[in-house]
Amino acid sequence: MGQERDLPLFPLNTVLFPGANLPLQIFEERYKKMMSDIAVDDHCFGVVLIREGREVGQYATPHEVGTVAEVVESAPLGQGRIYVVGQGIQRFRVLSLSYDEPYLMGRVTILDPLTDDTTQELVQESKDVLEAYTRSMMSLQGGWVREVEVPDEPSDLSDALIAILRAGRRTKQRFLEMDSLQERLTGSVPLIRRDMERIQAEIKEKGLTHRFGEN
Numbered sequence: 072m073g074q075e076r077d078l079p080l081f082p083l084n085t086v087l088f089p090g091a092n093l094p095l096q097i098f099e100e101r102y103k104k105m106m107s108d109i110a111v112d113d114h115c116f117g118v119v120l121i122r123e124g125r126e127v128g129q130y131a132t133p134h135e136v137g138t139v140a141e142v143v144e145s146a147p148l149g150q151g152r153i154y155v156v157g158q159g160i161q162r163f164r165v166l167s168l169s170y171d172e173p174y175l176m177g178r179v180t181i182l183d184p185l186t187d188d189t190t191q192e193l194v195q196e197s198k199d200v201l202e203a204y205t206r207s208m209m210s211l212q213g214g215w216v217r218e219v220e221v222p223d224e225p226s227d228l229s230d231a232l233i234a235i236l237r238a239g240r241r242t243k244q245r246f247l248e249m250d251s252l253q254e255r256l257t258g259s260v261p262l263i264r265r266d267m268e269r270i271q272a273e274i275k276e277k278g279l280t281h282r283f284g285e286n
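Positions 72 to 286 (our numbering) are the ones given, in order, by the sequence shown.
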């Protein structure tokens with residue numbers, strides 16, 4: 072396990088992975104205070120999937136494993152709202168919760184990097200699948216595809232695979248909690264392939280084709 076720290080927690084109905092961006096519109100006073108408080112510290116808060124409760128109103132009970140997010144963009148929207156973009160940095164596990172602040176606080180431990188127990192063949196397969204899946208998603212949305220950037224590091228690759236996957240929150244949370252790269256990749260690649268088949272069927276139904284940029 073890594074270092075322990077106190078971390079403001081933002082329970083949401085979403086799962087954030089390291090490397091992914093999370094846009095938020097802040098309107099509750101407690102979360103505006105959170106953003107003000109972390110602005111004088113390290114600009115970090117924790118994103119945790121809600122286990123029980125709701126995003127708005129009373130405290131929600133979160134899952135134990137979440138992701139540290141750093142505020143990389145912030146701007147007022149008017150009508151008392153704030154636009155914030157949080158970028159996932161690293162995973163953590165909640166050790167205890169505190170309700171002394173208007174927002175939820177957690178004593179957390181930063182989780183160690185994923186165990187690199189995979190093979191080069193599986194990593195390459197995962198890269199190929201991520202590139203093909205990204206192109207399919209872009210094509211479905213009518214986007215223009217020139218070049219797909221695929222992470223080289225296996226850990227970053229696994230985060231990117233699951234972050235882009237069209238799957239339920241519980242499925243994504245299960246992957247977030249995994250410590251083994253082998254387990255993550257062998258579990259996510261088949262899901263990506265199955266979803267790619269559904270995407271191709273949707274593309275065919277809509278009469279769309281892949282659009283690639285010239286080299």
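I should point out that these hints are in silico values taken from the structure, not numbers from a laboratory. Keep in mind it's a predicted model, so treat the numbers as computed, not measured. Cβ atoms here follow ideal geometry from the backbone N, Cα and C, with glycine treated the same way. Certain hints may be false.
Here are the simulated distance ranges between beta carbons [said to hold, decoys possible]:
hint: 1; residue 1: Gly-239; residue 2: Asn-92; range: 18 to 24 Å
hint: 2; residue 1: Val-221; residue 2: Pro-261; range: 16 to 22 Å
hint: 3; residue 1: Pro-261; residue 2: Ser-107; range: 30 to 36 Å
hint: 4; residue 1: Lys-275; residue 2: Leu-193; range: 27 to 33 Å
Straight line, CA to CA, 16 Å or less: simulated EDC-like cross-link-like pairs of lysine to aspartate or glutamate [stated by the list, open to error]:
hint: 5; residue 1: Lys-103; residue 2: Glu-135
hint: 6; residue 1: Lys-198; residue 2: Glu-224
hint: 7; residue 1: Lys-198; residue 2: Glu-218
hint: 8; residue 1: Lys-198; residue 2: Asp-227
hint: 9; residue 1: Lys-104; residue 2: Glu-192
hint: 10; residue 1: Lys-198; residue 2: Asp-171
hint: 11; residue 1: Lys-243; residue 2: Glu-144
hint: 12; residue 1: Lys-103; residue 2: Asp-187
hint: 13; residue 1: Lys-243; residue 2: Asp-266
hint: 14; residue 1: Lys-104; residue 2: Glu-172
Against the structure, the hints come out as follows:
1. Gly-239 - Asn-92: 18 to 24 Å: holds, 20 Å
2. Val-221 - Pro-261: 16 to 22 Å: The hinted range 16 to 22 Å holds for Val-221 and Pro-261, with Cβ atoms some 18 Å apart.
3. Pro-261 - Ser-107: 30 to 36 Å: violated, 44 Å
4. Lys-275 - Leu-193: 27 to 33 Å: Holds - the Cβ-Cβ distance for Lys-275 and Leu-193, about 29 Å, lies within 27 to 33 Å.
5. Lys-103 - Glu-135: At roughly 24 Å apart (the allowed maximum being 16 Å), Glu-135 and Lys-103 break the hint.
6. Lys-198 - Glu-224: holds, 10 Å
7. Lys-198 - Glu-218: Given that 16 Å is the threshold and the Cα spacing comes to 13 Å, the pair holds.
8. Lys-198 - Asp-227: holds, 11 Å
9. Lys-104 - Glu-192: Roughly 48 Å between the alpha carbons, so the hint for Lys-104 and Glu-192 is violated.
10. Lys-198 - Asp-171: Since the Cα atoms of Lys-198 and Asp-171 sit roughly 45 Å apart, the hinted pair is violated (cutoff 16 Å).
11. Lys-243 - Glu-144: Status violated; Cα separation ~25 Å.
12. Lys-103 - Asp-187: violated, 39 Å
13. Lys-243 - Asp-266: Holds, at about 14 Å.
14. Lys-104 - Glu-172: Distance of about 10 Å is within 16 Å: holds.
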